[in-house]
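> Could you build the full structure based on these sequences and the hints that come with them?
Each residue of the sequence shown is one higher than the one before, counting from 15 in our numbering.
Hints are not guaranteed to be accurate.
What the hints assert, rightly or not - Only pairs whose alpha carbons sit at most 20 Å apart, straight line, appear in this in silico DMTMM-like list of lysine to aspartate or glutamate: (1) K40 x E23; (2) K168 x D149; (3) K168 x E154.
What the hints assert, rightly or not - Pair by pair, the computed Cβ-Cβ distance ranges are: (4) T183 x G18: 41 to 49 Å; (5) I107 x A67: 21 to 29 Å; (6) A20 x V211: 41 to 49 Å; (7) G175 x L16: 14 to 22 Å; (8) N19 x E80: 39 to 47 Å.
Source of the hints: derived by calculation from the structure; they are not laboratory data.
Positions of the beta carbon are idealized from the N, C-alpha and C atoms, including for glycine.
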Amino acid sequence: MLGGNAAFEVCGEASDGREAVELAGKLKPDVVVIDINMPVLNGVDAARQIIAALPRVEVLFLTSNESEKVARQALLAGARGYVVKTDAARDLIAAVESVSAHRPYFTSSVSDLVLAGFLNQERGTPRGAKIAGADLTQREREVLQLIAEGRSNKEVANTLGIGLKTVETHRANVMAKLDLHSVADLVRYAIRNGIIVA
Numbered sequence: 015m016l017g018g019n020a021a022f023e024v025c026g027e028a029s030d031g032r033e034a035v036e037l038a039g040k041l042k043p044d045v046v047v048i049d050i051n052m053p054v055l056n057g058v059d060a061a062r063q064i065i066a067a068l069p070r071v072e073v074l075f076l077t078s079n080e081s082e083k084v085a086r087q088a089l090l091a092g093a094r095g096y097v098v099k100t101d102a103a104r105d106l107i108a109a110v111e112s113v114s115a116h117r118p119y120f121t122s123s124v125s126d127l128v129l130a131g132f133l134n135q136e137r138g139t140p141r142g143a144k145i146a147g148a149d150l151t152q153r154e155r156e157v158l159q160l161i162a163e164g165r166s167n168k169e170v171a172n173t174l175g176i177g178l179k180t181v182e183t184h185r186a187n188v189m190a191k192l193d194l195h196s197v198a199d200l201v202r203y204a205i206r207n208g209i210i211v212a
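Take a look at the structure:
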């Protein structure tokens, strides 16, 4: 849809979150359109890294995930827009135009979810309550995702370009911080929190 629109130039496409971060750094686009569910590095963590490296880049999520919790994580990562794939034919062009002008854009279903979640949180959540996993570092989140995707410690080390002992240390830190005791617990946590898709 975007490639066929004369107002836009699609300057690159990535097959996973890590590649999206690398391409954004090289190409420095005005807008990055990204999915939540991406292999190697999920879209929320990729967005965080892109925005940290390129603060002027706007991030728009185009995803099938309609979870209020995941939409909130996308906003906290710095996304300017969120479009559900079922609404893409109607909303994608307007969303890209809006975020490229530094204005937010959310499909109506997501706006309703986020507003309802905010109101429920204000009514029922104590002030100062933390988001699950908020204490994890970026590297710990990356290790968590890769392990939850079924990668061995050695594969995680190769993917991230770090040592095996470093992976083991990050894995132990993740398990301690989240009070998890097995790889199965890590996988369940990753699925429940939208880090990977079952």
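> Hints the structure violates: just list their numbers, smallest first.
Hints 2, 6, 7, 8 not satisfied by this model.
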